[in-house]
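Q: What follows is each chain in one-letter form.
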Amino acid sequence: MLPVPLSYYLVLAGILFTLGVFGVIIARNVIVTLMSVELMLNAANLLLVVFARVHGDLGGQVMVFFVLTVAAAEAAVGLSILVAIFRRKGSIDVDRLNILKG
Amino acid sequence: MNFAAIMPEIILTAGLLFLMVMDVMTDGRRNLGWYAALFILAAGVAVVMQFDHIELGFSGMVMSDRFANLFRLIIYLGGFLATLTATAAWDGEAKSVFGAEFFSLLLASMVGMDLLVIGANLIVIFIGLEILSLPLYAMAAGQTQSDEAVEAGAKYFLTGAFASGFLLFGIALVYGATGSFAFEAIGNSYAAGPFSEPLLLAGGVLILIGFFFKIAGVPFHAWAPDVYAGAPTPTVAFFAAAPKAAAVGLLLRLVLTTFADLPLQTIIWWVSWLSMFVGNVWALRQRDLKRLLAYSGIAHVGYVLVGLCANGPGAASSIGFYLMGYAAMSVGAFAVIAAVEKAGKATTLDSVAGLGRRRPAIAAALSLFMFALTGIPPTAGFAGKFALFSEALKSGLLGLVIWAVLFSAVSVYYYLRVVVAIWMWPETGETANASRAGSGGYAVVLALAAIITLLLGIYPQPFLALAADSLVWLL
Amino acid sequence: MGILSVLIFFPVLCGVALLVWPGERHAQIRGFATVASAVEFIVSLWLWFGFVPGGGFQFVESLDWISRYGIGYRVGVDGISLLLVLLTTLLTVIAVVSSYSAIQTGRKGYYASLLFLETGVIGAFLATDVFLFYVFWEVMLIPMYFLIGVWGGQRRIYATVKFVLYTMAGSLLMLVAILWTYQYSGGFSGHGTFNLLDWYGLGIPASAQRWLFAAFALAFAIKVPMFPFHTWLPDAHVEAPAAGSVMLAGVLLKLGAYGFLRFAIPLFPQGFEYFADTLWILSVIGIVYGAIMTLIQEDIKSLIAYSSVSHLGFVMLGIMALNLVGATGSLLQQINHGISTGALFLLVGMIYERRHTRKIADYGGIFAVVPVFSIAFLIVALSSIGLPGTNGFVGEFLILLGAFNARPIFATISTVGVILAAGYMLWLVRRVFFGPVVHAVNETIRDLTRRELATLIPLLALIFWIGIYPRPFLDRIGPDLESWLKRVRTVEMIKAPAWDRPTPFVPPEAVLSRAAGKTPGDGGTP
Amino acid sequence: MDQFIFWVAAIVAVIAAVRVIFLKNAIVSVLHLIVVLVALAVLFLQLSAEFVAALQVIIYAGAIMVLFLFIVMMLNLRKDEFGSDRLPGIGVLGTLAAGALLGEMVILFSGEQSVAVPSPEGFGGVRSVGRALFGGYLFPFELTSLLLLAAVLAAVVLARRRSGAGTTAQTHGGREA
Amino acid sequence: MNTLLWTLPLWPLVGFLLNGFFGRRWGKRTAGLVACASVFLSFAVSLFAFAAVRSADTGRLTVTLFDWIVTGNFHASVSFLLDPLSAVMILVVTGVSFLIHVYSLGYMGHDPDQPRYFSFLNLFVFFMLMLVLADNFLVMYIGWEGVGLCSYLLIGFWFRRLSAVRAGMKAFVVNRIGDFGFSLAIFLIFWHFNTVNFLEVFERAPSVAAAYSGTLTAIGLLLLLGATGKSAQIPLYVWLPDAMEGPTPVSALIHAATMVTAGVYMIARCSTLFALAPVTLLVVAIIGAATALFAASMALVQNDIKKVLAYSTISQLGYMFLALGVGAFAAGIFHLMTHAFFKALLFLGAGSVIHALSNEQDLRKMGGLKKSMPVTYWTFLIAALAIAGVPPLAGFVSKDEILWRSFSSPLGHWTFWLVGTITAALTAFYMFRLVFLAFHGESRVAHDVHPHESPASMAQPLIALAVLSVIGGWIGWPRTLGGGAWFEHFLRPVFEHADQTLALSAGEHSAGLEYGLMAVSIIVGLLGILLAYQWYIKSPERPERWKARFAGLYNLVLNKYWVDELYDTVIVRPIVGLGRVVYRGFDLAVIDGAANGIAGLMQSLAAGGVKTSTGRFRFGAATFAVGCAVALGWVLVTVMGAAR
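Chains as they are written, first to last, in the numbering used here: chain A, 1 to 102; chain B, 1 to 475; chain C, 1 to 526; chain D, 1 to 177; chain E, 1 to 644.
Some hints could be false.
Taking lysine-lysine pairs in the DSS-like style, the calculated list, with each CA pair at most 27 Å apart, reads [unchecked claim]:
(1) E:28 with A:101
(2) E:538 with E:371
(3) E:365 with E:547
(4) E:370 with E:538
(5) D:24 with A:89
(6) E:611 with A:89
(7) A:89 with B:345
(8) A:101 with B:345
(9) E:538 with E:365
(10) A:101 with A:89
What the hints contain is simulated information worked out from the structure, not anything from laboratory work. Small disclaimer: the values here were computed from a predicted structure and weren't measured.
Please take these sequences and the hints and turn them into a complete structure.
A: Laid out in structure tokens, this is it:
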């Protein structure tokens with residue numbers, strides 16, 4: 001038995017995911033953007049764990065493990081890019097990425 | 001443990017390791033692109049040798065069937081041509097952008113692409129997508145001296161990470177609805193009813209969106225023009241075809257088998273509709289060739305999605321055929337741009353003004369690719385559109401096909417503007433000068449791309465048959 | 001490899017050979033092109049002699065090409081396409097020869113373009129596979145696009161882009177219709193065919209025929225061009241080099257009318273029936289409208305372009321009459337227009353080479369200076385206005401006769417176009433050739449050279465040959481048009497409004513006997 | 001009790017997530033994200049995913065977030081660096097899009113009533129997950145090595161300072177020799 | 001003879017080709033001789049042909065050269081029909097042409113472009129012979145348009161003169177309007193008869209008339225439109241006065257003797273059709289009468305010697321139409337013939353005068369030429385008397401016949417006679433005004449010009465034509481005056497059908513009436529001459545007074561009733577103006593504007609669209625999210641829809 005009804009988990013995941021989406025849209029700081037993405041991934045993780053429990057299937061938990069790996073890899077690449085941006089622009093304001101347009 | 005199923009990927013991985021070793025040994029003074037090309041070729045040979053085999057492996061995680069092999073070949077075609085382009089762009093300097101790391105990344109990315117088409121499990125797909133994407137981000141931003149490249153890489157990465165969030169969320173929802181990540185299990189779990197589970201549909205849509213991002217379907221396309229414009233041209237040549245082929249292959253597998261009973265057509269229909277509109281119309285105002293081709297690519301995604309929307313084996317095979325041609329002509333076009341850029345430092349329309357008089361062969365090649373992208377016979381572009389639209393009509397998508405041809409007509413304007421610039425504008429100071437340095441590599445790429453573009457246009461029968469035979473296995 | 005394949009592919013091979021030809025000397029390049037086109041013409045003459053009138057498609061070749069889609073390499077020539085092919089090969093030779101001195105840059109590309117264009121046009125005329133037709137139909141755009149865009153005049157880029165955009169916009173919709181019909185032919189199960197002959201017997205439902213016909217008709221109407229899709233034509237002609245104009249007016253426009261004859265009408269007769277009124281009206285408007293526009297043009301080429309709009313309106317009229325006389329006239333008039341308007345553009349090109357202006361106002365009174373040129377122009381102009389004894393008359397007369405039997409009122413209005421034609425052509429002739437020499441520069445224009453005369457003489461000869469003894473031409477096209485009529489008249493298609501209702505010919509004796517046999521006074525009025 | 005823990009963890013996670021987004025100071029944001037991760041780990045524990053919960057705290061909160069912190073500190077960002085919003089309407093657009101997404105998800109998810117099967121003994125423990133990982137999921141597990149290799153390569157390419165960076169601002173690889 | 005018949009038009013064609021290709025090389029003299037010889041050959045052949053027709057059993061000869069246009073049920077061959085009507089025509093055409101060719105040798109002697117002139121003239125004869133020899137409507141149409149072409153070329157012969165070229169163009173275009181009617185008539189004929197062959201058409205005409213009422217009326221009116229164009233009748237007469245810009249022999253040949261009578265010939269040829277639709281004949285008669293009077297009135301005040309003759313020609317053609325209209329086809333053709341003689345003579349005489357005065361055509365600058373140009377004077381006088389209807393000259397016989405028939409025919413009416421008689425009076429007046437102004441009185445010739453008699457090559461044709469003008473009428477001398485009316489008799493086979501259909505009988509009126517009317521016409525003719533004498537010899541100030549008194553009327557007539565201007569404002573200018581307005585306002589603005597507008601729309605769409613590609617990541621992400629939200633919204637809708 002789940003501690004609370006399934007839908008609670010799902011809605012919580014939905015809220016966290018949406019917050020992540022919202023954060024990506026409104027954050028000016030690239031670091032915050034990256035963290036918002038982490039929020040989205042974690043929302044998905046929550047879903048995976050919940051569903052693993054619901055289905056009694058370990059696949060979901062294994063998937064969380066892979067998501068962690070991916071998150072780490074993405075963080076590595078993302079932070080490298082962040083550093084590169086900072087080196088070029090002296091700032092990590094995402095709005096300063098404005099040379100290319102049209 | 002069926003290694004036969006992943007033999008080509010093993011070869012590519014070996015290649016990537018080999019290149020890293022070679023880089024250390026040669027101190028970055030040798031042009032290693034040829035080696036990368038060789039490994040891609042070897043992987044291709046491996047694919048051809050086991051083309052008709054169905055190899056299931058690793059607890060059903062991968063399935064190497066004819067479908068996968070077809071798309072592998074398309075990916076290799078795009079990758080091979082892009083590799084040669086990058087090889088030609090090598091400037092002979094140690095620590096070149098197009099050094100060993102570049103080609104290692106390229107090969108790694110190609111492994112990721114392969115995984116998308118051989119993967120039979122959403123986990124493999126997710127990891128494959130990341131293996132595909134991370135190198136691309138680095139390749140886009142690879143030249144960290146350039147503001148444009150860094151910006152392109154950053155935008156690509158941020159959007160990519162954002163999209164992978166959606167993809168993962170979708171995977172989680174699908175998992176929740178079905179209790180499995182395996183394609184077959186997902187497909188079977190709802191065989192009873194059309195979509196008892198709203199979660200499944202929502203998850204399917206989110207997965208689709210994740211890949212629409214990858215192929216730059218509108219409205220998930222915002223990154224594409226900027227990345228194409230900012231990234232180094234040989235890199236863009238790689239972006240233009242191979243990842244799209246992989247993503248489309250996966251979408252095909254999903255839409256035709258796993259999600260066959262989900263009513264996803266509406267979503268695909270609208271993305272296709274919007275992509276053709278936005279891609280073709282926005283392209284009208286572009287003066288930068290790379291940005292122009294980015295929008296053109298968006299439009300072509302729209303055409304491909306027409307076939308996806310048609311949702312049938314014939315349509316699938318026509319998509320496969322279309323992508324073969326598209327790989328040749330789009331990489332070819334970028335190769336010309338790379339050559340022009342190498343000589344003239346710019347990629348605007350002005351930089352090809354009067355190119356026809358300075359370098360008629362290259363100019364003719366670019367014209368050919370432009371005509372092919374427009375869809376004028378006897379080129380692959382026409383044969384591909386013909387096959388796609390024909391199949392779409394079979395499925396009754398008359399409105400979408402008419403929309404597609406209307407905007408194909410619009411596209412004539414901007415493609416021909418390039419040809420106009422090449423042959424009919426007076427030469428400017430920006431026009432690439434007659435330097436032929438390093439043109440040997442380009443000559444190979446252009447000749448190959450041109451031959452394929454023409455061959456697929458003039459005698460498409462065997463390729464259509466190949467595509468059709470491969471796609472039969474999907475169902 | 002039959003003769004038709006030779007005709008189709010010989011030029012393109014020669015064109016490619018020319019492009020990679022190592023030499024740069026003008027004499028070599030033009031000599032190569034001339035020989036290639038001349039050989040092509042001579043080979044095509046074989047068709048003229050070997051053709052059996054009424055034998056349907058002949059010299060047929062059929063090979064599998066893209067069998068997955070029921071596409072074959074199917075070519076054949078019948079009475080409808082025979083003369084058009086010959087016209088194409090002849091005009092290509094003339095176009096090549098006429099360009100010797102006019103083209104100074106990029107000669108290889110120029111002559112190769114002409115040869116590529118020839119392949120495209122001939123292929124389109126000979127294809128009996130709809131896919132193959134479409135391929136050639138589109139392919140020919142490219143060389144024409146270069147001919148106008150690279151070797152054209154001041155606003156060449158605008159003109160060539162407009163030309164291509166217009167044509168593509170129309171033909172892409174036709175592509176949709178072609179694909180749909182293909183799917184229909186296979187019952188939407190993917191085993192259809194693109195064989196034109198199979199398509200004739202498809203029996204497509206009338207509701208579908210409507211939009212299919214509309215899509216085909218749009219493509220062809222733009223090419224013809226029918227009013228109101230004609231505005232690309234003046235621009236394209238004005239900017240194109242002389243030989244380009246010759247090919248454009250001489251053969252490319254014919255493809256529109258040919259398309260109606262070969263594809264749109266016989267494939268979708270009920271669709272045609274639905275749109276017949278519209279097409280009649282557009283043709284009639286085109287005739288009169290084109291003629292009136294012609295009256296006020298200040299550029300000779302633009303004037304001739306508008307006159308083409310008028311003339312092609314006649315061609316369409318003859319097709320839509322759906323009777324043998326009209327159709328024969330229409331087909332003959334296509335040839336005639338190719339000859340006359342081709343010659344006119346040729347002549348304009350010659351004078352342009354000398355004076356570098358096409359403004360009518362820049363000439364005047366040059367008859368005294370260049371009598372041979374002037375007489376040639378006058379003859380062609382007279383042929384263009386349909387003077388009896390020249391080719392124009394035979395075609396125009398048959399068209400109007402046929403049209404009159406179908407739709408008397410429309411035919412009557414169209415006949416006004418003949419009056420206006422005399423007006424604009426003679427006015428042009430007057431302003432250019434007669435009167436005092438207004439501009440002193442014109443005093444020193446050279447008359448025609450031997451080469452130029454040589455390009456004109458075949459056309460002049462044809463003008464009189466067709467005008468005086470058209471039977472060899474009529475005999476070759478007649479029988480096939482008869483079977484064409486049988487195909488398109490599967491339904492009684494003349495649904496004219498009451499005020500313009502034609503009466504099929506009934507011998508008066510029959511009318512009388514009918515009247516006598518039944519209630520008196522009931523017969524009599526048609 | 002279970003419910004109470006859920007609610008506490010959930011509310012903490014949401015509040016912390018909101019603050020991650022809206023706080024101006026990157027360091028504080030990172031710390032809040034760690035709070036979110038830990039709160040989620042609590043939920044994971046509740047859902048018999050002990051191993052994953054541990055990984056969440058050790059790797060995610062511990063390793064990855066430290067990396068974030070490290071970068072933030074390395075770059076030594078000032079708070080006042082981001083001026084007033086320069087993209088008018090983005091807030092509204094974002095709110096609309098996110099709001100719509102949230103609404104749709106809530107509607108979609110609120111009806112889900114599945115009851116979980118009783119979890120077997122040791123479900124979600126190190127042993128079971130490990131078996132799965134090296135059993136049926138071996139292939140993706142091996143793939144992660146390639147993924148990490150690719151990530152390392154990518155990071156190397158991105159982080160490398162090139163010599164001769166004098167000629168810049170060209171979007172291609174051809175620098176003059 | 002059948003075999004020789006086709007050589008009849010051949011010779012002029014040969015002459016044309018020879019002169020056309022080699023004329024410049026040969027020089028003027030040879031060119032002229034070749035031209036004259038070719039026409040003479042034709043004349044000789046036509047004499048034989050004439051004889052052959054008379055002796056032929058059927059009264060007609062036909063010869064088919066080759067099939068011309070054959071398609072479906074349409075069949076037209078190039079074939080000739082020689083019957084009494086065409087026999088008369090070929091004689092007149094070749095005969096007068098020959099004389100005028102000879103005359104041209106002298107008249108055009110100094111023109112360097114003589115070869116061109118003669119080749120065109122030959123070509124004209126060729127087409128004219130085609131016209132009259134045709135045995136079907138289509139071949140007739142060849143000739144019909146062909147003579148129009150030659151007329152165009154010859155009017156504009158002096159192409160450096162803009163007025164000449166304009167006049168040529170006007171002639172061609174106005175004729176085309178007539179041809180419009182003619183061609184429509186051919187369409188109608190083929191539609192209803194399924195043939196265009198004359199004999200077949202005439203044979204079927206009664207049954208067609210019975211089966212399709214109204215059709216023949218339509219055909220007749222359309223043919224009439226064609227005839228009015230070619231024969232310069234109301235409303236299409238306007239081109240003929242302008243056509244005087246051409247060389248005078250051309251005016252004599254084409255615009256007086258032969259081409260302009262083609263309309264008359266055509267109506268006579270189709271008499272069967274017209275007779276079956278009597279309404280059309282009435283229209284013909286009305287047009288003829290109106291034109292006769294109207295043109296005569298304009299001739300009264302013209303000062304250009306050729307313009308007077310031009311209007312006179314129009315007027316005389318009106319007579320012929322009047323004759324046709326009242327069913328007197330033979331009389332019309334008879335007048336055609338006599339008119340050819342005397343009008344050609346008048347023109348040639350005028351040409352002689354113009355030649356002598358170094359191209360002076362204004363009557364006010366002539367006078368007293370009688371002494372210096374006796375041959376010209378006397379021949380001119382004979383012609384003037386003939387046209388004035390003074391017995392026993394040719395004009396009297398033919399004109400009187402027409403007047404009588406217009407009164408006596410069942411289709412006639414006394415008003416026709418009255419109009420004809422008034423016109424006769426006017427004719428006599430203006431002709432003698434011309435004679436008196438040109439040849440009598442004080443010389444008003446410019447001082448540096450010395451009038452002289454023309455050379456023999458010009459004088460001899462004058463004399464020949466004068467003789468013909470005197471005796472030419474005698475072959476049709478009326479029975480009332482003891483003649484044999486041989487001409488009418490000769491043509492009877494041709495008009496038999498028509499006569500029978502119209503049920504014409506000559507015997508209704510008493511001979512006394514005929515004498516009386518004849519006397520009246522002679523008297524008014526003499527009165528006209530007398531009045532002209534009074535005004536222009538006795539008291540030359542009187543015309544000036546009249547001018548002053550009726551200044552408005554005089555100006556109206558002098559300016560030809562402003563008809564040219566009317567046509568110009570009502571037809572020509574509106575069309576060109578319409579073209580201008582439509583070109584700028586519709587073709588460029590609307591049609592091309594629509595095409596460019598679509599392109600522009602796309603461009604502005606693109607311009608606006610590209611602005612939305614801001615290149616900002618956050619914006620792209622927002623778009624992404626919006627897309628997602630919409631997609632999920634769709635999912636929601638689908639799921640809910642399915643749940644329901």
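Q: For every hint, state whether the structure bears it out.
A: Okay, the hints, checked on the actual structure:
1. E:28 with A:101: Measuring from Cα to Cα gives roughly 81 Å; hence the hint is violated.
2. E:538 with E:371: 19 Å, holds
3. E:365 with E:547: 19 Å, holds
4. E:370 with E:538: 17 Å, holds
5. D:24 with A:89: 20 Å, holds
6. E:611 with A:89: Judged against 27 Å, a Cα distance of about 24 Å means the pair holds.
7. A:89 with B:345: At roughly 23 Å apart (the allowed maximum being 27 Å), residue 345 of chain B and residue 89 of chain A satisfy the hint.
8. A:101 with B:345: 19 Å, holds
9. E:538 with E:365: Holds, at about 19 Å.
10. A:101 with A:89: 17 Å, holds
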